[in-house]
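Could you put together the complete structure from these sequences and hints?
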Amino acid sequence: MDLYEHQGKELFARFGIATTEGRVAFTPAEARAAAEELGGGRVVVKAQVLTGGRGKAGGVKVADSPADAEAKAAGILGLDIKGHITRRVWVEKAVSIAKEYYFSITFDRGAKAPLFMLSTMGGMDIEAVAVDHPEALARLHLDPAIGLKPFFVRRLLFAAGVPKPEHVGVGEIIARCDTMFREMDAMLLEVNPLIITAEGAAIAADAKVTIDGNALYRHADVEAMRDAAAEDPQERMARERDVTYVKLDGTVGILGNGAGLVMSTLDVVDQVGGSPANFLDVGGGADAAKIVTALEVILSDPKVKAILFNIFGGITRCDEVAKGILAALDQLTIAVPIVVRLDGTNDVEGRRLLSEAAPPNVYPERTMLDAAKRVVALAGGR
Amino acid sequence: MDLYEHQGKELFARFGIATTEGRVAFTPAEARAAAEELGGGRVVVKAQVLTGGRGKAGGVKVADSPADAEAKAAGILGLDIKGHITRRVWVEKAVSIAKEYYFSITFDRGAKAPLFMLSTMGGMDIEAVAVDHPEALARLHLDPAIGLKPFFVRRLLFAAGVPKPEHVGVGEIIARCDTMFREMDAMLLEVNPLIITAEGAAIAADAKVTIDGNALYRHADVEAMRDAAAEDPQERMARERDVTYVKLDGTVGILGNGAGLVMSTLDVVDQVGGSPANFLDVGGGADAAKIVTALEVILSDPKVKAILFNIFGGITRCDEVAKGILAALDQLTIAVPIVVRLDGTNDVEGRRLLSEAAPPNVYPERTMLDAAKRVVALAGGR
Amino acid sequence: MAILVTEQTRLVVQGITGREGTFHTLRNRDYGTTVVAGVTPGKGGSDVDGIPVFDTVADAVRETGANTSMVFVPPRFAADAMFEAADAGIGLIVCIAEGIPAHEMLAVYTYLRPRGIRLLGPNCPGALSPGRANVGIIPAQVFAQGGVGLVSRSGTLTYQIGAELAQSGLGNSTIVGIGGDPVVGTSFIDALELFEADEQTELIVIVGEIGGNEEEKAADYIAAHVTKPVFAYIAGFTAPPGKTMGHAGAIISGSAGTAAAKKEALEAKGVRVGTNPTEVAELVTAHVGR
Amino acid sequence: MAILVTEQTRLVVQGITGREGTFHTLRNRDYGTTVVAGVTPGKGGSDVDGIPVFDTVADAVRETGANTSMVFVPPRFAADAMFEAADAGIGLIVCIAEGIPAHEMLAVYTYLRPRGIRLLGPNCPGALSPGRANVGIIPAQVFAQGGVGLVSRSGTLTYQIGAELAQSGLGNSTIVGIGGDPVVGTSFIDALELFEADEQTELIVIVGEIGGNEEEKAADYIAAHVTKPVFAYIAGFTAPPGKTMGHAGAIISGSAGTAAAKKEALEAKGVRVGTNPTEVAELVTAHVGR
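Protein chains in written order, with numbering that gives the first Met the number 0: chain A, 0 to 381; chain B, 0 to 381; chain C, 0 to 289; chain D, 0 to 289.
Note that these hints are calculated values from the structure, not bench results.
Residues of chain D placed beyond 12 angstroms of chain A at every Cβ, according to the derived structure:
| # | residue |
| --- | --- |
| 1 | 7 |
| 2 | 50 |
| 3 | 165 |
| 4 | 186 |
| 5 | 274 |
Using 16 angstroms as the maximum straight-line C-alpha spacing, the simulated EDC-like pairs for lysine to aspartate or glutamate come out as follows:
| # | chain 1 | residue 1 | chain 2 | residue 2 |
| --- | --- | --- | --- | --- |
| 6 | A | 92 | A | 67 |
| 7 | D | 216 | B | 107 |
| 8 | B | 148 | C | 79 |
| 9 | C | 42 | C | 58 |
| 10 | A | 246 | A | 300 |
| 11 | B | 246 | B | 230 |
| 12 | A | 92 | A | 36 |
| 13 | C | 216 | C | 266 |
| 14 | A | 111 | C | 189 |
| 15 | B | 207 | B | 1 |
| 16 | B | 111 | D | 189 |
| 17 | D | 42 | D | 54 |
| 18 | A | 289 | A | 239 |
| 19 | A | 148 | D | 79 |
| 20 | A | 81 | A | 231 |
| 21 | B | 92 | B | 20 |
| 22 | D | 262 | D | 278 |
| 23 | A | 163 | D | 54 |
| 24 | D | 42 | D | 58 |
| 25 | A | 92 | A | 35 |
| 26 | C | 216 | A | 107 |
| 27 | B | 163 | C | 54 |
| 28 | C | 42 | C | 54 |
| 29 | B | 289 | B | 318 |
Beta carbons: idealized from backbone N, C-alpha and C, even for Gly.
Next comes the structure, spelled out in structure tokens:
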């Protein structure tokens, strides 16, 4: 789950990471009030969107007074930044910037270790730095069996060429970010820029934080930060019902068990001339009720002209899937044809249930390829 | 560093370990006031001494009223328990005891892991339980690379045969004791008895805690608990001056560098007919000032009739030792003869310094055996 | 002789008394797997259809000589269960449970790896050596004994490939589902190493998907260390960039980690890659028929 | 060929710019040890009598190929220094520093052991292979090259024994001080295993002391695995029970761990034990003279 900058900074403050002081605002008037609460001086008004590039898009403005903050917020709220509509801004005290650094911790699945990156060339696109000035980007994997020790922070600071007088301040941010990264189950924690003020202090001036969805059960406070309004309605429905759904642009609704099989099904549908309307993985061990729910999610997309069930049961039992299809036909108004391919655990029983009920508009197929061809034909091609 | 029961319980409370409520008292009147503060009901008055067996010695008494607590404290204060004079008592609320268990964590240097021991046969001498009912004493080493996980606590509870309804309460004590053991750098943490009350609650009813002396620099609060008055004056002087000193009963003062070499010197002095007055290890890299200090410690024992310096320099430099001896002769009034054996790093220079100064009453020897024979002769035998 | 699970497997099931645990344990036993014990704290002394249940894995190992554990507990207890198995001397842990926080898995992995304790999963279907043993949830009826070693990041996709191979008359030495989570215990490379050393395995099929760079690393390993023929299938050619498809394994951003890039990397090292399950089965069949 | 420190040793000294660090580094180099680098954070780019100083061990390893580290930093920074050395790829760490908290050492030991990284110490004098290399604080002039492998829990007592052997005309393959702290990286058994495999070593002398049961475990190991003659000396026959004598190694309580009990355990396995340094030298001389 991705956090807004202001939410990330709320966590920064909790872990003692030096950051900017600010307030979140949903209206221009709130932005003015926030600027007043912050002392009435110069502030920065920043669009809160879950995407990058907001600076270039005009989503970050300096304001010299509360009235100016109100005006700047009015210009930013509602702004479309790469398809994300700005619905909130963060108003923070302006700080004197002497230098801009970059710091991040990424959960590196390939190396099976957190990757720490630090650069004195911050504030800009770090991927460009990595390409154009690779020597300016210090990259170090932390051995989780050792954990963050002083030597590791020193290596990072020396490798990035941070001047010695700044080691304490920047090192403190690194160490506290490590604590937050672990304790909050973060998958990404990025500070860009990490500012060195004119007085030599280190401050985390931006916050990009992603929390592991599997760990949210123990971070109710983070779960509560979720901005349901910003989510795609179908994807929200899917999440709330615990199925994995990604909306695509085509006409063939696809439901399967297991991410790999569903991806493969998308490929095959594409190869035989169809266009997938979605990716939907019901996961392992789905029962009938979950199948009903998943069908509801698919059907909420009006572009769907036909649906393909591609189930290869392992922990999922085909008889449960068949029951779910029959229950859905019973409970929902389903106008589109459904092609069903059942294989694996309890497949014989599942196929028997379907053939006995013999509902109209349900087309059983025995192989994945045949099922894909059939559903594309029913959907009327691409 | 060993802690008194009441100090251990202070730490227990800090780590949320359920323990008895009480007050420390240095006089019978304070004991009475403590009993009143605790509600005026039944209390237990317990001698605070850094040794076991106080129950048998009459150091633990139940008192029914504050007046009774005062009387019982009067009987306990001043009590000699295995050579330890009782100078403080712990007055605690009496609790209803249904069962007495045993629990401890020991830093097991052989296994290089903490050893957890749990038994439902507590309250008594656990060494006797280990011998007579070994099956009743669950012993488990904790893998430090895993740390305390729920499965480990379960293994311990099941192995010791703790009834299921008590798993939560006893398990909580085990887990919190583990936290304290690590965070306080403990070498031993023993709870005997761990009481199960009539209501089924688990309470740590005694506390025996030893803290790693090498880690005291980060536990100023524990260092402040030290009862300097209860220490041997010479051993205290040695500790404060950072030399390792153990007082023995003989007449030959012994000073060396390195515990092994000093122990060996004791053996050799004994084998050639002498009796060591002490063990004194100046440690590695002692400078002249430390030598003076160490001599002061040895000389504070009036039984010493002669002193043996046995130095084999590695990190310690023999010239520094020689300078220390000469400085001590200068600064202190030394009436006893000193036999000096210098070998190893800078030994030539050290011997030269001594032979040039040629102080009276200082007898150089070239080998450990010769030095031992000489000092025993000078001390007049055993 | 197959790899990982064989006639030597002596299985203990952690979470045996749960609904799924019981169902799949009994299916595994019905298949012929030697299931010696189950573990559910507090149910020690009972049994599941004759399989003795213990309070701790240590008890199960001591009493039954279990050497392999299958973890079927809810995700928030799974890391604890894996540590318990490792601490009790289990040599192979098969973790079916999914939804385990990545940081917990990192701690488990970091502990197991230098100690040589094998972990399959989490969020994996287990391993099946047809005719020998089945540990996990792979539907065994799909697979026949033979010479194809099959290793996959995906569960159900593995069954699909297996079924296609079976229709072509090809059997398997072992089918290994390594799981698609950010941190899994066994990599493609680990499985390739085992298959290369296994006499029964004549050729190897790896089933990958978009995201990460495990397939690319496998390609390098194959070029350097694998003498047996290797085929591959990659899922996700039509996945749009920047979307998370199901498990965390399937994240793509930019060109790296795409199905096309993986296909290219594998083919550069001589691995023949199919673009759908039928095609990979055809490639293998054509090779064997030569 | 000697063990642990040899002509192949390429030494980096952590804490080289401290007073003791500089003194012993230069002594080690004067002896002939290949000292390639020093590390002091913030002093990277400087040198100590021509030895380049780096900010981190990783830099030192990359630039100089260091394979052995000597740790000469204050005790509260020593655990960090050892982790740094291990993380940088150092294979042998020799920790001279003493006074390190036991729990910190436990963490270091637990990390190093399963990864095969050797640690000598802490609170040890290091290792000396006469004529080849000296890493640590052992006064080299006492020892000559020869066939006696010497391993000891005590620093200065080792010098004493070495001096007695030298007076009898006997030299050493390697002198290893394993340290007397509650947690040390190398045990008697580890050293015995290395000496047994070392061609230069003809016989082995172990120097133990009261406390713990390392000598007893060594006795069992010797009976099972060591073919070369082993002699021993134990210090502490006159130590009173229940007193802590110097380092934590020397705690005795009751009969277990006493010098007499250790002597008995060793003699039961055929190890000849002297009760003072002169006697052990006489036993060895008599054996060699046979």
